[in-house]
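Participant: Spelled out from the first residue to the last, the chains are:
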Amino acid sequence: MVPSPTVSGSLRNRLVLALIGGAAVLAILLFFTVRSYAAKVAQQGQDNILVASVASILDAAALREGALEVDIPYAAFSMLSTPSDDRVFYAVFQDGAFMSGYDDLQLSDGPEEEQWTFHTGEVRGERIRQVSARRTLVGLGKQTEIAVALGQTQDALSDTLDQISRNAAYLGLGFFLLTAALSFWVASTTFGQLNRLTMSVTRRGPQDLSPFKKPVPKEMAPLVLSLNSLMGRLDQSLSQSEDFIAEAAHRVRTPLATVRSYAETTLHRVERKENREALRAMVRAIDESSRAAGQLLDHAMITFRADHLEREEIDLVDLTRELVQRLTPIAEMRELSLSLTGEPSVPYSGDPILIQNAVRNMIDNALKYAPADSTVEIDVDTTPGIQITVSDSGPGFPPDEIDMLTRRFERGQNATGTIGSGLGLTIAQDVATAHGGSLVLTNQQKGGACVILSL
Amino acid sequence: MRYLIALILILFPLVGAADDWEDRLIFNEGAKGAHLRVISSTDTVLFAPLIESFVAQYPSISIEYLVSGTADINRRVRATPEAFDVVISSAMDLQLKLANDGFALPVEDVQVPSWAQWHHSLFAFTFEPATIVINRAAFEGQPIPQTRQGLIEALRKRPEEFRGKIGTYDVRQSGLGYLFATQDARASETYWRLMEVIGGLDVRLYCCSGEMINDLADGTIYVAYNVLGSYAEVRTEGKDALEVIFPSDFQTIMMRTAMISEVTQAPEAAEQFIRFLVSQNPATPEGHSPLPFLRSDTDMTERETIGLNPALLTFLDGLKRQKFLSAWENAVIQ
Ligand SMILES: Nc1ncnc2c1ncn2[C@@H]1O[C@H](COP(=O)(O)OP(=O)(O)OP(=O)(O)O)[C@@H](O)[C@H]1O
Ligand SMILES: [Mg+2]
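Chains A and V, in that order, give the protein sequences. Just so we're aligned: the first sequence equals residues 1 to 455 in the numbering used here. Just so we're aligned: the second sequence equals residues 1 to 334 in the numbering used here.
Any given hint could be a false lead.
Chain V side only, calculated, beta carbon under 7 Å to chain A, not exhaustive [unchecked claim]: (1) 100; (2) 102; (3) 118; (4) 186; (5) 188; (6) 310; (7) 311; (8) 314; (9) 317; (10) 318; (11) 319; (12) 320.
So the derived list for chain A, only partly shown, Cβ under 10 Å to chain V, looks like this [as the list claims (entries may be wrong)]: (13) 68; (14) 79; (15) 87; (16) 99; (17) 124; (18) 152; (19) 153.
Since the hints were made in silico from the structure, they are not lab data. No residue lacks a Cβ here, since even glycine has one placed at the ideal position from N, Cα and C.
Hey, can you work out the whole structure from these sequences and the hints?
Facilitator: In structure tokens, the structure reads:
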């Protein structure tokens, strides 16, 4: 089982959050910008009307026989009519002295050069917008200044502003929703590419280490590139180690065989008893070494294949039968017979080389440790599970060691004098484990060992 | 019959009344609920039926109906706003100024067209044209003038017959008279020519429509200028001698307006009263009120009603009023 990687945060969430957060900030900014702009425009509108009104009042002022006359035009106030019926306050001053209108209205003083002075204040508990302006009249040797202050409440203005604010809010909200939807879409399409790459990695067979060729977005190219180079290196080192195993097996076994054949030849020529003894011991040791080398390399191969288990559809009965046929000559040399029983056909999906190796080791043990003139029974069955059982009528496993015999290089007391490396059962067990099964060693009641490889 | 009851009712409260009201009447006296003090420029005869049907609908409310002139109403409300709950007047300009100055209590969601209310505080409920009322006898064998110009010509033709026989408002005393005069002056120069003509014929000046029509009816005057149509029609009923003329050159149409005093002690009852007023429909058969109630479907562009807008403040400006009055005096009082 591959350990799941340590996850910290999510790129997708981060992207979506950043986009949505940005959209929210922009939407709020949009709302305030539109509103403040609209407020400015609306205020400008009111100011313009107030200015027009004050201008018409100032225009209507005249000096007649030295006396100031202010004939307020009807239009001056009529133009101040609003949908919200805003209240109107005005005051006319001559040389700073109140003449008529609302005496609670104050002239607001602005900069000298400006003709119009705008001012927002409060009159009679109402917020008003006020415009003040002056005009100097020159008559027969007399100069007088008339000033007009005109104020209006802002009900219509705030109604307009409310409406604009509402619309601006809708605009901002619409913008936000659109952007949010867009950011979700962008995030999912962006990470869709990543997911697709992940899928194609996941779906690959264990032996498929070829580079990815499908087009990917530019930003993902470095990832795919390093993935491809990693797989290239992996592929290379795997084939190297496979080669190495084959090479090593060859290198060790061939010289051993040569040494053995020389030893055998020499044995025939030597006459002296102690020399013959020594040579026999030498041949034995060579056999031991050769066996150990073979088993070690098998074990290494098994370990490698188990790590990259490649299952294929096989028939366990066919596989076992072929093995039995191959081993029959060896069995006959020992005057043992092999008997295959069980189902006529057991289809299974697994690695045939591994299973064959395991079963070969099991049969090999039976041949090694069972007495001559007996029968080794090989049974391929599907009940209770798919299992291959090899049982003999030999002495069986030493009961006090039975739990340790599957360990590496572990041999039983009964193995003394028998050539072996103590890896046979280890290999069988590794194969069982790689296929999700187990290896069980028992002694039969009637005597003899029984090994069950359940898959 | 109802008027009779109204008249009888007048007598009782008047006994103890110290204030110099033109008329003072209490409806539904002794009712347990709110007591509404309505100050109005409308004659009791015209208004009583309306109040009666109101108290019939709201039996717990009693109403004290106080009648005075428009200018006087304006003075009193400004002086003691707490003494009144509802203010009704035909002087739209004075009413609008009261509302603009903050004497009115706003009422939300009153069912009136936007042009018939101002600032949710002033509500129009009638429309009443200014008319010329003549005594037919004086125009025996002569064409009856239909315009102001026609009237000027008729007067110039027989000045001696009309000398001292023409009446109009004294705009210095009457708020409504001032409103009509200023609106006439605004509409046409003919107004000033007419004033000069009637000024030259020793015009009689009146404070109120009622007196003017009384004098007309008994032959003291032959022509009354700018009389309220509503009053004229009530008084001319059954009097063939009088004819009401709606001048065809231009019409000045006033809307009677009502508002609630900002410092009323019975805001709910006052609001009910206002809603009742504006809900009156000229078509209501049982109403029979002589008041020409506003039709909410009236097309305002056709009816040259005086607009309820801040322009009404113009002629109330001290300087402007002085100037207008001196022009008027120059024309009328020679
Ligand atoms: N059929 C059997 N009957 C009795 N003892 C057995 C049998 N098979 C295995 N054993 C015992 O279990 C031990 C471990 O067996 P294993 O196959 O792992 O090693 P090995 O046979 O000694 O060496 P090799 O690696 O060459 O097979 C043996 O040494 C032997 O003592
Ligand atoms: Mg073995």
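Participant: All hints, please: hold or fail.
Facilitator: A quick look at each hint next to the structure:
For the restraint placing residue 100 (chain V) at the interface with chain A, the shortest Cβ-Cβ distance is roughly 5 Å, inside the 7 Å limit, so the hint holds. The beta carbon of residue 102 (chain V) comes within 5 Å of a beta carbon in chain A, closer than 7 Å, and the hint placing it at the interface holds. Because the smallest distance between the Cβ of residue 118 (chain V) and any Cβ of chain A comes to about 5 Å, under 7 Å, the interface hint for this residue holds. For the restraint placing residue 186 (chain V) at the interface with chain A, the shortest Cβ-Cβ distance is roughly 6 Å, inside the 7 Å limit, so the hint holds.
Proximity of residue 188 (chain V) to chain A is violated relative to the hint, the smallest CB-CB distance being about 14 Å (cut-off 7 Å). The beta carbon of residue 310 (chain V) comes within 4 Å of a beta carbon in chain A, closer than 7 Å, and the hint placing it at the interface holds. Evaluation of the residue 311 (chain V) hint against chain A yields a held restraint, the C-beta minimum of about 3 Å falling below 7 Å. Restraint check, residue 314 (chain V) versus chain A: the minimum CB separation of about 5 Å is within 7 Å; hint holds.
Contact between residue 317 (chain V) and chain A, as hinted, is supported at the beta carbon level, the nearest pair being about 5 Å apart and thus within 7 Å. Interface hint at residue 318 (chain V): satisfied, since its Cβ lies 4 Å from the closest Cβ of chain A, which is below the 7 Å cut-off. Taken as an interface hint, residue 319 (chain V) checks out: its beta carbon lies about 5 Å from the nearest beta carbon of chain A, inside 7 Å. Checking residue 320 (chain V) against chain A: minimum C-beta separation of about 5 Å stays under 7 Å; hint holds.
Restraint check, residue 68 (chain A) versus chain V: the minimum CB separation of about 8 Å is within 10 Å; hint holds. A distance limit of 10 Å between C-beta atoms decides the matter here; for residue 79 (chain A) the minimum to chain V is near 8 Å, and the interface restraint holds. With 10 Å as the threshold, the beta carbon of residue 87 (chain A) comes within range of chain V, its nearest partner Cβ sitting at about 5 Å, so the hint holds. The interface hint given for residue 99 (chain A) is met, as the beta carbon of that residue sits about 6 Å from the closest beta carbon of chain V, less than 10 Å.
A hinted interface residue such as residue 124 (chain A) counts as satisfied when its beta carbon comes closer than 10 Å to some beta carbon of chain V; here the least separation is about 5 Å, so the hint holds. Proximity of residue 152 (chain A) to chain V holds as hinted, the smallest CB-CB distance being about 8 Å (cut-off 10 Å). A distance limit of 10 Å between C-beta atoms decides the matter here; for residue 153 (chain A) the minimum to chain V is near 9 Å, and the interface restraint holds.
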